[in-house]
Amino acid sequence: MSLSNASPASRYDVADRAPRRLSDYLLRWETILVVLLIAVVIVNALISPFFLDFYNLSDATFNFSEKAILALAMTLLIIVRDIDLSIAAIIALASLAMGFAAEAGAPTFALIGIGLGVGALCGAFNGALVTGFGLPSIVVTIGTMSLFRGIAQVALGDQAITKYPASFQAIGQGYITDKAPIPISFVLFLGLAAVFGIVLHRTIIGRKLFAMGANPVAALFSGIAVNRIRFWLFVLMGLMAGLAAVLLTGRIGSTRPNIALGFELEVVTMVVLGGVSIAGGAGTILGVTLAVFVLGLTTFGLSLVNVPGIVISILNGVLLIASISAPAVAQRFLRGRS
Amino acid sequence: MSLAALFRHRDAALALIVAALILAIGLRAPVFVTPESLIGVLTDTSFLFMLTLAQMAVILTRGIDLSVAANLALTGMIAALVSRAMPGLPVAGIIALAVALGAALGALNGAFIAFVGIPPIVVTLGTLSIYRGAIFLIAGGAWLTSKDMNPAFLAFPKSTLLGAPILIVIAALVSLFFWALLNHSRIGRGLYAVGGNPVAARYCGIDLRVQQFLVYTLAGAVSGLCGYLWVSRYGIAYTDIAQGYELTIIAACVIGGVSIAGGVGSVQGALLGALFLGVVVNALPVINVSPFWQMLISGAVILGAVVINARSERRSGKLILRGSRRPAGNGARA
Numbered sequence: 001m002s003l004s005n006a007s008p009a010s011r012y013d014v015a016d017r018a019p020r021r022l023s024d025y026l027l028r029w030e031t032i033l034v035v036l037l038i039a040v041v042i043v044n045a046l047i048s049p050f051f052l053d054f055y056n057l058s059d060a061t062f063n064f065s066e067k068a069i070l071a072l073a074m075t076l077l078i079i080v081r082d083i084d085l086s087i088a089a090i091i092a093l094a095s096l097a098m099g100f101a102a103e104a105g106a107p108t109f110a111l112i113g114i115g116l117g118v119g120a121l122c123g124a125f126n127g128a129l130v131t132g133f134g135l136p137s138i139v140v141t142i143g144t145m146s147l148f149r150g151i152a153q154v155a156l157g158d159q160a161i162t163k164y165p166a167s168f169q170a171i172g173q174g175y176i177t178d179k180a181p182i183p184i185s186f187v188l189f190l191g192l193a194a195v196f197g198i199v200l201h202r203t204i205i206g207r208k209l210f211a212m213g214a215n216p217v218a219a220l221f222s223g224i225a226v227n228r229i230r231f232w233l234f235v236l237m238g239l240m241a242g243l244a245a246v247l248l249t250g251r252i253g254s255t256r257p258n259i260a261l262g263f264e265l266e267v268v269t270m271v272v273l274g275g276v277s278i279a280g281g282a283g284t285i286l287g288v289t290l291a292v293f294v295l296g297l298t299t300f301g302l303s304l305v306n307v308p309g310i311v312i313s314i315l316n317g318v319l320l321i322a323s324i325s326a327p328a329v330a331q332r333f334l335r336g337r338s
Numbered sequence: 339m340s341l342a343a344l345f346r347h348r349d350a351a352l353a354l355i356v357a358a359l360i361l362a363i364g365l366r367a368p369v370f371v372t373p374e375s376l377i378g379v380l381t382d383t384s385f386l387f388m389l390t391l392a393q394m395a396v397i398l399t400r401g402i403d404l405s406v407a408a409n410l411a412l413t414g415m416i417a418a419l420v421s422r423a424m425p426g427l428p429v430a431g432i433i434a435l436a437v438a439l440g441a442a443l444g445a446l447n448g449a450f451i452a453f454v455g456i457p458p459i460v461v462t463l464g465t466l467s468i469y470r471g472a473i474f475l476i477a478g479g480a481w482l483t484s485k486d487m488n489p490a491f492l493a494f495p496k497s498t499l500l501g502a503p504i505l506i507v508i509a510a511l512v513s514l515f516f517w518a519l520l521n522h523s524r525i526g527r528g529l530y531a532v533g534g535n536p537v538a539a540r541y542c543g544i545d546l547r548v549q550q551f552l553v554y555t556l557a558g559a560v561s562g563l564c565g566y567l568w569v570s571r572y573g574i575a576y577t578d579i580a581q582g583y584e585l586t587i588i589a590a591c592v593i594g595g596v597s598i599a600g601g602v603g604s605v606q607g608a609l610l611g612a613l614f615l616g617v618v619v620n621a622l623p624v625i626n627v628s629p630f631w632q633m634l635i636s637g638a639v640i641l642g643a644v645v646i647n648a649r650s651e652r653r654s655g656k657l658i659l660r661g662s663r664r665p666a667g668n669g670a671r672a
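Sequence order for the protein chains is A and B.
Position 254 of the first sequence, counting from 1, maps to 254 under the numbering used here, and the rest follow consecutively.
All you need for the numbering used here is the position in the second sequence, starting with 1, plus 338.
In short, the hints are calculated from the structure, not lab data.
Possibly wrong hints are sitting among the right ones.
[To be verified] Simulated DEER-style distance windows between Cβ atoms:
{"id": "1", "chain 1": "A", "residue 1": "Glu103", "chain 2": "B", "residue 2": "Gly582", "range": "22 to 30 angstroms"}
{"id": "2", "chain 1": "B", "residue 1": "Pro623", "chain 2": "A", "residue 2": "Thr31", "range": "54 to 62 angstroms"}
{"id": "3", "chain 1": "A", "residue 1": "Gly105", "chain 2": "B", "residue 2": "Pro623", "range": "35 to 43 angstroms"}
{"id": "4", "chain 1": "B", "residue 1": "Ala438", "chain 2": "A", "residue 2": "Ala170", "range": "50 to 58 angstroms"}
{"id": "5", "chain 1": "B", "residue 1": "Leu500", "chain 2": "A", "residue 2": "Ala326", "range": "19 to 27 angstroms"}
{"id": "6", "chain 1": "A", "residue 1": "Ala160", "chain 2": "B", "residue 2": "Ala480", "range": "24 to 32 angstroms"}
{"id": "7", "chain 1": "B", "residue 1": "Ile525", "chain 2": "A", "residue 2": "Gly309", "range": "21 to 29 angstroms"}
{"id": "8", "chain 1": "B", "residue 1": "Ala599", "chain 2": "A", "residue 2": "Ala170", "range": "40 to 48 angstroms"}
{"id": "9", "chain 1": "B", "residue 1": "Gly642", "chain 2": "A", "residue 2": "Leu334", "range": "46 to 54 angstroms"}
{"id": "10", "chain 1": "B", "residue 1": "Lys485", "chain 2": "A", "residue 2": "Glu103", "range": "37 to 45 angstroms"}
{"id": "11", "chain 1": "A", "residue 1": "Gly105", "chain 2": "B", "residue 2": "Val369", "range": "18 to 26 angstroms"}
In this text, all values refer to a predicted model and were calculated from it rather than measured experimentally.
Just so it is clear, CB atoms sit at the ideal spot from N, CA and C, and this is done for glycine as well.
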């Protein structure tokens, strides 16, 4: 994005062999995030005696699991130099479709299918515009963000849909078992993180994504069907937005036109803090998962001591800029001395 | 000039489309095309004119500034608080303060982007949260209404100069400034050069970092100016004013033919893009369409505009090895 990217921070490099020295492990972005996460846990535990409580921590995951699921798919998109700012609007549209279906008396499994289907369709629409016309994804998804949420607004006006079957709401509100009160949404996130991690870091598809992000033209000439893969990544992003819509709609038990407003920027923050290069070609699922916990636990800890959400957003902004700046400044300082 | 040739000149085509739109609305609701109504549309759109031009300067350098609306809201709140604390301060002082404060907030973006080397979208995403949160902190979550503002503070945006509403005059002056900057100054040429080809620009001795610092500071200054004007015009300041407006501004740029890839865009194009959105927003209530349609229409317009722009913008030369056997339309566009 800028000339100064010619000398990127170490976390933007794609290692072509396994790291060997101890310092390589210590200087990895994930290590910094682990330290940050430990610091967050210690500070929060000192501030509030209610922080290190299994039930509280378990319930805290409700608040970030939907965004975390979105962050996984967003990671893949950003690695291939794309972005999707329409995800929150896709959630609104998928939630709307489920709302109408619920009012018509559709059963829970049909509602889930509709949510996922509408999400995937919206993603396919984005993907078709980006790859079919060769448009920049940031512009396309700013457009579809207005379009999708606009449709939800026209259809709903200032109304809300609240007639959801109890079994549907249980997906977003429920726990896996009564004995272990871990939210279904959180378990879903962990499972998906494992799948995404394996696909990205241990399969040919993952190598292709990194190749596309590092150099799309070279990737094309290496026989990678760049645009086909990008299209399906947008479909995947839409599908995950549909899943997030199922969880969120069930959790809050209603559909409003402003549902999930502003999610897109929070999700991008998670991904970038997770060490994924916004210029593409580098990033790990582990890093993004750690960033999800850092942001999620910060928010939870501060809300325990009654800090308003808008003030927590200041901290998230500072965290984002500081954590990205610190390595760059440190590197320059070290280089300046030697 | 034939119609086809006119359409190849996209600013002229956009002007025609806006004119046709105004005419079409006028046919359904003649009241819309009266001079008072049209001046009202321009007055309403003056914020969008100024902010779109500032955003265009940023996008020209291949950057983006997502924090402009938050900057606007923060400087607007501070202007209102200062005015309440010091009722004797003249409006000129408030405006100078708002511009300086906005410029400082913009310079903070610029410093991180230019001198630390953090991608613009990351920095401005961060400062967007920080500035919004700061409004809540300094005002303690309170709303400031016209009762908390003194009469001179409130009267300025409703005043006129030589018969023209002051907001239009200010927007015109800002437009003139950007026209001179982009078309008739060395800095302006540098912005296009940096966006068109950063490496070539560097070999020509243009320092990208100075250019970046400059445009983000400038975008901040314009946001600050709009912050005071917005708060005083609508007589209210709270945490969420102009929320999401940054995306409307970027949409106006895109409709106006500014390339998100940098280096392409004109003052008249950006102004027409803003005017288009302004006309749509103002016309909906006049022709009895629910304001809920506004978002859907602007989304459809943005998509239409980028698809049309993409044709004229498409760059060739990268795929020199594409064989004739490869099916068309399967190329990677970096």
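For each hint, the structure was consulted:
{"no.": "1", "hint": "A:Glu103 / B:Gly582: 22 to 30 angstroms", "result": "29 angstroms, holds"}
{"no.": "2", "hint": "B:Pro623 / A:Thr31: 54 to 62 angstroms", "result": "56 angstroms, holds"}
{"no.": "3", "hint": "A:Gly105 / B:Pro623: 35 to 43 angstroms", "result": "36 angstroms, holds"}
{"no.": "4", "hint": "B:Ala438 / A:Ala170: 50 to 58 angstroms", "result": "55 angstroms, holds"}
{"no.": "5", "hint": "B:Leu500 / A:Ala326: 19 to 27 angstroms", "result": "53 angstroms, violated"}
{"no.": "6", "hint": "A:Ala160 / B:Ala480: 24 to 32 angstroms", "result": "28 angstroms, holds"}
{"no.": "7", "hint": "B:Ile525 / A:Gly309: 21 to 29 angstroms", "result": "41 angstroms, violated"}
{"no.": "8", "hint": "B:Ala599 / A:Ala170: 40 to 48 angstroms", "result": "47 angstroms, holds"}
{"no.": "9", "hint": "B:Gly642 / A:Leu334: 46 to 54 angstroms", "result": "50 angstroms, holds"}
{"no.": "10", "hint": "B:Lys485 / A:Glu103: 37 to 45 angstroms", "result": "43 angstroms, holds"}
{"no.": "11", "hint": "A:Gly105 / B:Val369: 18 to 26 angstroms", "result": "46 angstroms, violated"}
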